[in-house]
Amino acid sequence: MGLKGRDVISIRDLSRDEIEEVLKGTRRMIPYAEGTKVGDQLAGRLLMLAFLEPSTRTRLSFETAMLRLGGKVASITDPALSSVKKGESLHDTMRMLSAYGDAIVLRHPNEGAGRLAAQASEKPVINAGDGAGQHPTQTLLDLATMQEAFGTLSGLRVVLLGDLRYGRTVHSLAHALALFGAELILASPPSLQLPEEVREDLEHQGATVREVDQLHQAVRDSDVLYVTRIQRERFADEAEYAKVAGSYRVDAALLSGAKQRLIVMHPLPRTTEIAPEVDGSPHAAYFRQAFLGVPTRMALLSLILTGKAA
Amino acid sequence: MRELKITPIKNGTVIDHIGNGLALEVLRIIGINDLDKDSTVSVALHVRSQKLGWKDIVKVENMELSPRKVNAIALLAPTATISIIRDFKVREKRVVDLPERIVGIVRCPNPSCITNQKEPVESEFDVARRRPVVLRCSYCERLVDDFLLHLA
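So the protein sequences, as listed, match chains A and B. If you're matching positions, the first sequence starts at 6 in the numbering used here and goes up one per residue. If you're matching positions, the second sequence starts at 4 in the numbering used here and goes up one per residue.
Because the hints were derived from the structure by calculation, they are not lab data.
Footprint (simulated), chain A over chain B, 3 or more residues, beta carbon under 8 Å:
1. 115-121
2. 137-147
Simulated restraints, written as ranges between beta carbons of each label pair:
3. 112/B with 219/A: 30 to 36 Å
4. 11/B with 202/A: 42 to 48 Å
5. 48/A with 98/B: 56 to 62 Å
6. 82/A with 69/B: 45 to 51 Å
7. 105/A with 69/B: 37 to 43 Å
8. 48/A with 132/B: 45 to 51 Å
9. 51/A with 95/B: 52 to 58 Å
10. 121/B with 202/A: 26 to 32 Å
11. 17/A with 133/B: 14 to 20 Å
12. 59/A with 48/B: 52 to 58 Å
13. 59/A with 69/B: 42 to 48 Å
14. 98/B with 100/A: 38 to 44 Å
15. 95/B with 79/A: 54 to 60 Å
16. 56/B with 242/A: 44 to 50 Å
One side of the interface only, derived from the structure: several residues of chain A facing chain B at Cβ under 10 Å:
17. 95
18. 97
19. 114
20. 120
21. 139
22. 176
23. 177
Every residue, glycine too, gets a C-beta built ideally from N, C-alpha and C.
Use the sequences and the hints to build the structure in full.
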């Protein structure tokens, strides 16, 4: 089944073949995202952006993707000024937007909002993050980054570092990597470990999952070090937070024992998890990762709106 | 021969082989308040069972369960058997079967889930795993294994 007209709410909505189709499209879109080629694949199409929660990077990259391919965008950017503030339900807002545009991109503070929006809308809905819930285009661009670095996603050994308990975008990434048979290595403070049921779910899919105490050791023979933010609000006191955050810091010393081809990824914005000294190293892939958000969204929008990405 | 200290019913439903201690939850699902006020409801707690060791039994007069309630019982008491009694005879006997999707029976425990906001939507879960039962919220994808604590 093609992606034309489809909702993309969770990475679970996409099969392995469909993910590969998006990644293939992403590669073709890179010159358009860089501006070395000019495209009009989405000329005449109108994308509705409903960002009911602040977001700079995701909104801009969807907007950029649409505009670079000749499409147009119309947006709700400040929910305080919109009918949402007057108490209109998400359901009704989505019904209305779907009557205006060709597809909707939604960012919302509540988990599950994307699914509800897809039910309410007659046009395709792309979830651009619902609360601490799903953010499938983040997962797609993460995969695109690994695919570009290694030429494949099969058999990669990926360390997931940081808050694996609450960071549900990490759960989506882990799910997708499991589809490609990756080996997942978990490194997190004891209070932020991957929930047992999520781990069982991954193993159920056939993924190899193991936990490590020693980050140095895990980094030494891995291909990807995926770093997430450790949020201050998860800790009772400042001292505990500082201790944990300090022990999960990625710096030159940690990377000195790594394989040459190891890449360090981070969904950004970062706080103190990655030392600035890492930015100049060949391992740093997080800025490339942020850039790939644009061609990934170009590919996805093209596939959804026109059925092809070329 | 031992005798069960519950009187037979003429018409109604017997829910047998309920896991030990779950009869009151089953009653909650049946919704005692919805019953005909002249009906008798009998509950046997902690009854010896060859199959389960110990079990609970619920008998309700003049009531047949809706499919939605049967689904809910399947969720809490997957071992239960449901017998429909007409004129003192068992007319129909069914083993409960957990459906693929559970609608409106369990609330999502995630307070930030869109189903817990003021939206016109019912809670909905997919059965992620059957033994033991783990549900996945169809909206926020939260996995729930302690759903007995979150009955709607």
